[in-house]
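Starting from the structure of chain L, add chain X where the hints point.
Going down the list, the protein sequences come from chains L and X. The letter at position 56 of the first sequence is residue 56 when you use our numbering, and the numbering goes up by one with no holes. The letter at position 49 of the second sequence is residue 49 when you use our numbering, and the numbering goes up by one with no holes.
Possibly wrong hints are sitting among the right ones.
To be verified - Cut-off 16 angstroms, straight-line C-alpha distance, at most; resulting in silico cross-link-like pairs (EDC-like, lysine to aspartate or glutamate):
no., chain 1, residue 1, chain 2, residue 2
1, L, 136, L, 47
2, X, 181, L, 155
3, L, 72, X, 86
4, X, 181, L, 152
5, L, 121, L, 97
6, X, 35, X, 178
7, X, 43, L, 152
8, L, 72, X, 126
9, X, 181, L, 151
10, X, 71, L, 52
11, X, 71, X, 10
12, X, 185, L, 151
13, L, 136, L, 49
14, X, 193, L, 78
15, L, 136, L, 10
16, X, 43, L, 52
17, X, 185, L, 155
18, X, 185, L, 153
19, L, 25, L, 52
20, X, 193, L, 148
21, L, 98, L, 85
22, X, 181, L, 49
23, X, 185, L, 152
24, X, 71, L, 153
25, X, 193, L, 153
26, X, 193, L, 152
Worth flagging that the hints you see were computed from the coordinates, not collected in a lab. On a predicted model such as this, the values are computed, not experimentally measured, just so you know.
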Amino acid sequence: MSEPQMVMYEEEFHKIQGIVEQLVKASNAKVVFIIDKNGQLIAAAGDTEQMDTTSLASLTAGNIAATGGMAKLLRENEFTTQFHEGENANIHIQLVDKRVILVVIFDSKTSLGLVRLRVKKACEHLSTIFQELMAKALQPGHDSPFGEITDEDIDNLFND
Amino acid sequence: MSFINYLSREINCKIVYYGPGLCGKTANLQYIYGKTNPQARGKMISLATETERTLFFDFLPLALGEIRGFKTRFHLYTVPGQVFYDASRKLILKGVDGVVFVADSQLARIEANMESMDNLRSNLIEQGYSLDNLPYVVQYNKRDMPSIAPVEELRTMINGGNVPDFEAVAINGTGVFDTLKAVAKLVLTELKKAGSR
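Chain L with its partners taken away, still in its complex shape:
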């Protein structure tokens, strides 16, 4: 496989969730979420109940992938920041460490300048945590829970 397995443990999850929640407050945003580059949702905070975060996660990842493809054609390493402005809602998308994507959805209650400033700070913290997380996942002794499953377990999933 070309990339290491992404694994999320309780300790790191709480740290990440803390940063995301803090970012919602500090930037006065509606929703903040973090996804991996494949579109899997890692953490979310704010007014998420009204939002289809799974779909948003997959579309954001597609967006980042497409932008990354354009960057490559222009011999750029990556475009790390994107901003989409709407009539009522705006989206700020930031690539962190080429690994995860930090998405902030906000309205007129705050400003792009403030969001950018707070995102920058949050990125520094997130970068450290994800580096630790990747190192931890590569250590021996953190076996996948799937090592113990049997063929029968897998078959049972499809008995409907």
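Chain X only, in chain L's frame:
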């Protein structure tokens, strides 16, 4: 690249439907969407042109059930089949855990199938994967059409690796779930192998 979340006890995997233009990749997802309990699936997203040809991808999140207390979630994606969308196809293959190759059984599409299979192989290599090591299955779609190639012939041409293969008519659902179950099983078996290494 699957994603294991120990906190929410979830495992997420990505399956990509690949194949030549108009072979029925989107039709597979539409059928699955229509026949799955709404609680077990999310919204289906299609980024398509005005003429309903896939432009970037279709996306369907699906929950299959629990294994040993872990919820298994599959994210199904299709690629745009038309030859000139190759840059988009490469992007969608990133982080793939399993592939379904949907072949068009019609005689007139034999060459298109082979071209798409070659394209899949080379795009996977570019992403650092090899089709020989990746869970994948083949579906011979459009078995209801009048001038189709015999399955044996299609098998020789595009299933040299002898992976599980299925005859299908995606628009009425024939073979759709058999194909999905087979690839999901292979993906989970691969996770099991990786976990016990």
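Checklist entry - Going back to the hint list, which numbers does this structure go against? => result Hints 1, 7, 10, 13, 14, 19, 21, 22 not satisfied by this model.
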